[in-house]
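Q: What follows is the residue order along each chain.
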Amino acid sequence: MLAKRIIPCLDIKDGQTVKGVNFVNLQQAGDPIALGKAYSEQGADELVYLDITASHEGRKTFTQLVSRIAEEINIPFTVGGGINELADVDCLLSAGADKVSINSAALRRPELIDEIARHFGSQVCVVAIDAKETDGQWRCYLNGGRVETERDLFDWALEANRRGAGEILFTSMNHDGVKQGFANTALSRLADELTIPVIASGGAGSMEHFRDAFTQGHADAALAASVFHFGEIGIRELKEYLKQQNITVRL
Amino acid sequence: MQVAIVKYNAGNIRSVLNALHRCGVEAVLTDDVETLMSADKVIFPGQGEARTTMTYLRQHRLDEVILGLRQPVLGICIGMQLLCRHSEEEDTDCLGVFDVDVVKFRPTRHEDKVPQMGWNTIGDLKSDLFKGLSKEEFVYFVHSFYAPLCDDTIATTNYVQPYSSALHRDNFYATQFHPEKSGAVGERIIRNFLEM
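If you read the protein sequences in the order shown, they are chains A and B.
For the first sequence, my numbering begins at 1 and goes up steadily by one.
For the second sequence, my numbering begins at 1 and goes up steadily by one.
Bound-form chain A, shown alone:
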């Protein structure tokens, strides 16, 4: 049976891993390659490296770091941040990334999804969506959660799916950093409506939260950062726990 995936996310700024609480107050959490390797050895199923400042400052992504990651890491990894056009994708895939995650650029110009799918295949195209629920309405945000849009989460996710996205990485800004669990209601609606895998992001604080993202949120994978970076949850113990809860995981 296909396993549910556990994905540590490494937010990168100036070549270092950082993780914000509710997208602000950045704290250092280590060297990206050493950390990625350690996670891989503990049983992480994939890694996500996000250049979190790239989109905001408009600078190009971190190709050199990607090449070094590809040399050292023997599990799949996704890179994102500041990808605006097909040439950026080509550059990162050539450097050895398995998938790219696009966010703001896709919201601004949805055709980018079609282009990536056509040139490189859907499997490399992860569409990341940062969304916040206000008065029962889930709105998508641009630029790492800094700019609100009129776009509805579910509507956008379905469009991304239709255009050829390979996966949706959904981050609930209401839940991110507060460690009270994932946005399971929204997640399950996404997972049930889309025909592609959904990665849950934002809100992991305990092992039970991961279980709930899979059982209640119907997520195909769950992503977290600080609980792993600061050693609050070990990946191996998390997977052993999930296995006890009858969730298929790779151990």
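Source of the hints: derived by calculation from the structure; they are not laboratory data.
As the structure is a computational prediction, the values presented were derived from the model and not from experiment.
Any given hint might turn out to be false.
Restricting the straight-line Cα-Cα distance to at most 20 Å, the calculated cross-link-like pairs of lysine to aspartate or glutamate (EDC-like) are [stated by the list, open to error]:
#1 B:Lys135 to B:Glu187
#2 A:Lys37 to B:Glu111
#3 A:Lys243 to A:Glu71
#4 A:Lys243 to B:Glu136
#5 A:Lys243 to A:Glu208
#6 B:Lys7 to B:Glu34
#7 B:Lys135 to A:Glu71
#8 A:Lys179 to A:Glu232
#9 A:Lys132 to A:Glu193
#10 A:Lys132 to A:Glu159
#11 B:Lys7 to A:Glu71
#12 B:Lys7 to A:Glu193
#13 A:Lys243 to B:Asp170
#14 A:Lys132 to A:Glu115
#15 B:Lys104 to B:Asp93
#16 B:Lys104 to B:Asp128
#17 A:Lys179 to A:Glu159
#18 B:Lys131 to B:Asp170
Take the given structure of chain A and dock chain B to it, following the hints.
A: For chain B alone, coordinates are given in the frame of chain A:
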């Protein structure tokens, strides 16, 4: 040991070079006939679509070169599918080493998504390629098309239904999954191939 990787228009070939490097082998990425023919091992990897990759192979006469190889060859992912007889993807005639036709997953349950993306187990292992592995190991898959079970099946995976996750005939070995992305298990499989 000389290991050559077939250079063609498929994606994700660098990850195989990197994986071999981690195993202590510096492989060459080449479409040069002499280099491919004289290598001790040849790897035919990649991600891509059947028709465009097959057309490229024919145009560059690499189809004949691959079929003429006598040393151990390892096909990976689209490389495996191209070694089969035919692919339903764009109704493409392939190289025909393995006597099986590649078809698309047709799931009946919503939770079985296409492509299959992620870690699944390989079982019913019947080759030295899997020497040293325990009964059921997880490996990494990304694919929408699959080879059904057949006489050449050396590993079975269950997704939608049981299918061939690895094939073997004569000097040709092939995996649907990506050993180069399958952690320690994948590294063991690559080392096993290098020892063939």
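Q: Which numbered hints turn out to be false for this structure?
A: As far as the earlier hints go, 2, 3, 7, 12, 13, 14, 16, 17 are violated by this structure, in ascending order.
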